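Colleague: Each chain is listed here by its residues.
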Amino acid sequence: AQTVTQSQPEMSVQEAETVTLSCTYDTSESDYYLFWYKQPPSRQMILVIRQEAYKQQNATENRFSVNFQKAAKSFSLKISDSQLGDAAMYFCAYRSDSNYQLIWGAGTKLIIKP
Amino acid sequence: GAGVSQTPSNKVTEKGKYVELRCDPISGHTALYWYRQSLGQGPEFLIYFQGTGAADDSGLPNDRFFAVRPEGSVSTLKIQRTERGDSAVYLCASSFKWNTGELFFGEGSRLTVL
Chain A
5 AQTVTQSQPE
15 MSVQEAETVT
25 LSCTYDTSES
35 DYYLFWYKQP
45 PSRQMILVIR
55 QEAYKQQNAT
65 ENRFSVNFQK
75 AAKSFSLKIS
85 DSQLGDAAMY
95 FCAYRSDSNY
105 QLIWGAGTKL
115 IIKP
Chain B
7 GAGVSQTPSN
17 KVTEKGKYVE
27 LRCDPISGHT
37 ALYWYRQSLG
47 QGPEFLIYFQ
57 GTGAADDSGL
67 PNDRFFAVRP
77 EGSVSTLKIQ
87 RTERGDSAVY
97 LCASSFKWNT
107 GELFFGEGSR
117 LTVL
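Protein sequences appear in the order of chains A and B. With my numbering as the guide, the letters of the first sequence map in order to residues 5 to 118. With my numbering as the guide, the letters of the second sequence map in order to residues 7 to 120.
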């Protein structure tokens, strides 16, 4: 069975600095998708970034980028120029290409220090 | 509506009572998902609808849980004889198709069973 592990329950960063959130996953499949979601206190899950496993190029979305290491089954999220509005829970999630279920990590709480 | 709407936002009930949680997906989205998020954890899959039918209800924990989507739009998650362990945030998400595009989440319904 696929699993997703986020080993950092909490991270803090100074405003305007860079922070990296870690995620590892376990799967025997070759085609899949990886996601980072942000969950603010409003509870609504918001997609931050998405990576297709068949793509070698790391995904980027403005200040958010990933380091996707397929062989190591690692998928970290880098947030540059951190802003107060980035404070939230961040969840890493996996989906097989042949399934609709998202498998989620336990989340990392990101604190931004002004 | 513009986004996924879930009601009620918060529900407090007593052990043994019956509860209904409603999800109104984005118009035109045929795929609808329910996830359950316990405190300090990532969401867990409950059920997936494609149109009116439950394509996969393998995540429902037991027969006290049931969900419907009679007209292929609004869905209702029903919990009978609630137990304290049912306390969680119940998240609903929709997408145009299960294998393409982004999942859009509502803000969840927080259920507290006393």
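One should not assume that every hint holds.
[Stated by the list, open to error] Covered by chain B, per the in silico footprint, the following chain A stretches (three or more residues, Cβ under 8 Å):
hint, segment
1, 42–48
2, 98–106
[Stated by the list, open to error] In the DSSO-like style, the derived pairs of lysine-lysine whose C-alpha atoms are separated by at most 27 Å in a straight line are:
hint, chain 1, residue 1, chain 2, residue 2
3, A, Lys113, A, Lys82
4, A, Lys74, A, Lys59
5, B, Lys84, A, Lys113
6, A, Lys74, A, Lys113
7, B, Lys84, B, Lys103
8, B, Lys103, A, Lys59
The hints are simulated quantities; they were obtained by calculation from the structure and are not laboratory data. A quick note: this is a predicted structure, and the numbers were derived from the prediction, not measured. Virtual Cβ for every residue (Gly too), placed ideally from N, Cα, C.
Colleague: Each hint: holds or not?
Modeller: Verification of the hints:
1. Using a Cβ-Cβ cut-off of 8 Å, 3 residues of the segment 42–48 of chain A lie near chain B, which meets the minimum of three, so the contact claim holds.
2. Here the segment 98–106 of chain A counts 4 residues with a CB under 8 Å from a CB of chain B, which clears the bar of 3, and the coverage holds.
3. With a C-alpha separation of about 14 Å, the suggested pairing of Lys113 (chain A) with Lys82 (chain A) holds against the 27 Å cut-off.
4. With a CA separation close to 10 Å, the supplied pair Lys74 (chain A) and Lys59 (chain A) stays within the 27 Å bound.
5. Distance check on the hinted pair: Lys84 (chain B) and Lys113 (chain A) sit about 31 Å apart at the alpha-carbon level, beyond 27 Å; violated.
6. A distance of roughly 25 Å separates the Cα atoms of Lys74 (chain A) and Lys113 (chain A); the hinted pair therefore holds under the 27 Å criterion.
7. Restraint check: the Cα-Cα separation between Lys84 (chain B) and Lys103 (chain B) comes to about 24 Å, which is no more than 27 Å; the hinted pair holds.
8. Only pairs whose Cα atoms come within 27 Å are accepted, and Lys103 (chain B) paired with Lys59 (chain A) is accepted, the gap being roughly 21 Å.
Comparing the model with each numbered hint stated earlier shows that hint 5 is the single one that does not hold.
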